[in-house]
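Undergrad: Sequence:
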Amino acid sequence: MYLTSEKKTELFAQHGKSATDTGSAEGQIALFTLRINHLTEHLKRNKKDHSTRRSLIKLVGKRRSLLDYLIKKDITRYRAIIKELNLRK
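Mapping of the sequence shown onto this note's numbering: residues 103 to 191, in sequence order.
No lab work stands behind these hints, which were simulated from the structure alone.
Model, not experiment: these values are computed from the prediction.
A hint or two may mislead.
What follows is a list of derived Cβ distance ranges for each label pair [claimed, not checked]: (1) Ala115 - Lys150: 34 to 40 Å; (2) Lys175 - Asn148: 35 to 41 Å; (3) Arg155 - Arg190: 19 to 25 Å; (4) Leu189 - Lys109: 16 to 22 Å; (5) Asp123 - Ile173: 19 to 25 Å; (6) Tyr104 - Ser167: 19 to 25 Å; (7) Thr122 - Thr178: 21 to 27 Å; (8) Arg147 - Asp170: 28 to 34 Å; (9) His152 - Lys174: 29 to 35 Å.
The beta-carbon is built from N, C-alpha and C at its ideal position, and this holds for glycine as well.
I would like the entire structure built from these sequences, with the hints used as guidance.
TA: What follows is the structure in structure tokens.
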């Protein structure tokens with residue numbers, strides 16, 4: 103499994119308010135980004151895996167929704183998470 107519970111708690115501790123704060127927008131965006139990167143690598147190897155492609159598109163949409171929420175709520179938090187995760191190139 104590429105995403106263990108230890109890795110999740112480390113991810114939430116790094117990007118959320120605490121290790122147990124799994125509901126914050128920053129923590130969720132970081133988790134979605136990790137999963138999106140993993141699925142992207144999987145699809146590079148398995149080009150015909152359409153169910154995974156659909157899951158990837160849904161995840162990107164969920165992350166986009168959370169990013170839009172952060173823009174409306176607090177632009178500084180949005181800019182910080184974009185910079186931390188290198189989402190804009």
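Undergrad: Now tell me, hint by hint, if it's right for this structure.
TA: Comparing the hints with the structure gives:
no. : hint                        : in the structure
1   : Ala115 - Lys150: 34 to 40 Å : 37 Å, holds
2   : Lys175 - Asn148: 35 to 41 Å : 37 Å, holds
3   : Arg155 - Arg190: 19 to 25 Å : 23 Å, holds
4   : Leu189 - Lys109: 16 to 22 Å : 20 Å, holds
5   : Asp123 - Ile173: 19 to 25 Å : 20 Å, holds
6   : Tyr104 - Ser167: 19 to 25 Å : 24 Å, holds
7   : Thr122 - Thr178: 21 to 27 Å : 24 Å, holds
8   : Arg147 - Asp170: 28 to 34 Å : 31 Å, holds
9   : His152 - Lys174: 29 to 35 Å : 33 Å, holds
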